[in-house]
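For our numbering, add 95 to where a residue sits in the sequence shown, where the first one is 1.
It cannot be assumed that every hint is accurate.
As a list, the in silico DSSO-like pairs of lysine-lysine whose alpha-carbon atoms are at most 30 Å apart [unchecked claim]:
| # | residue 1 | residue 2 |
| --- | --- | --- |
| 1 | 436 | 265 |
| 2 | 390 | 110 |
| 3 | 100 | 110 |
| 4 | 390 | 265 |
Source of the hints: derived by calculation from the structure; they are not laboratory data.
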Amino acid sequence: MNETKNLLGLARLMKMAFDGKDLSPLGEELIRRIEADPLDAEAMMDLSTLLQLKFQPEVALSIQAQALAQKTLYHLPAKYPGGIRLLSLNAPGDLMTNAPLEFLVEDSDISLHMLYVGEGLTLPAELPEHDVLFVAVGESDGTRQLLEDLQVAVSNWHCPVLNLPQNILKTSREAAPGWLSGVEGVTMPQALRVQREALADLPLPYPFIARPIGSHAGHGLAKMENANDLEAYLASNREPAFHVSPFVDYRSRDGFFRKYRVALIDGLPHACHMGISASWMIHYLNSGMEESAEKRAEEADFMMNFASGFGARHAAAFSGIHRSLGLDYFILDCAETLDGKLLVFEIDTGAVIHAMDPEDLFPYKAPQMRKVFAAFRNMLADHEA
């Protein structure tokens, strides 16, 4: 492959955006590449990713479709050649559609080929040689049929397959609480799918939370304390259907809410981050971690003492969740109730875990994330053909 056609990839582009760099010059360079070579699919894919990072999803997905019409197989070579050859199955879509494996294999000896599959996409005549196949497609309304179809496609694969499609399907907001209902020490409120016109008449006690179907990162998420809240919510959110679930007050004894992101890799839990906020709706980037040395010190303690602290307290819960779901790799967003249970908000194979935070403020994070990435590599090596 010509060097100018190398793929930059999601991890590099998101790091640039995370650091506040102006992506416009790179975008202009990618456009020039495409104008010079309309078959430069790598430039199209990078431009699509860049535009999604700039919150221009419609044009981004249009360019992605043009790239996938050219080719469906993309390659990120290993930093250190000669290691594990990983092939992932991806679906077309936005940045939350697939497991972002690029963050997990950066600066490693893992070579990543990403094959996009789905209706209307042409498979290459030959697949690259690979040691492990990873189904990166995440669960959503848009991917459910693809995951069902992939169950047959991967059932007789010639090498080990990680994250089987039938297990990914268990992670939906509606299905996951049922799969976790028998796991001791775990609580996950049942989510109901409700059409807009039925939401006002839903016999669900207040307070409850609602979000549009398919939304992530807090988009459209709100708590309803009473009928007036619900009326105002429906007036400002015009989506046709919503997920609703009971609100669980998970604040700690000091009045703050704590939300944890934990990766389960080959059945073992690994700390990824912890957000602390006075608000129940915690997202790491809005929880004031950069502004509070006290919060960062608590997160550092959570990470450094995870094996004897949070991880030990919920070891049986994590083990039970892994057994119930059968997934090799997934992310939990969770909390701890006052009575000591693990409160699970979401199970996702597509959540981002990364080492992008500035090391001057978060010196404890990069070492922890290197452990997580090493655990992912060890999992691949243990299953390697």
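Structure-based check of each hint:
| no. | hint | result |
| --- | --- | --- |
| 1 | 436 with 265 | holds, 21 Å |
| 2 | 390 with 110 | holds, 23 Å |
| 3 | 100 with 110 | holds, 20 Å |
| 4 | 390 with 265 | violated, 34 Å |
Of the hints listed earlier, the one the structure fails to meet is number 4.
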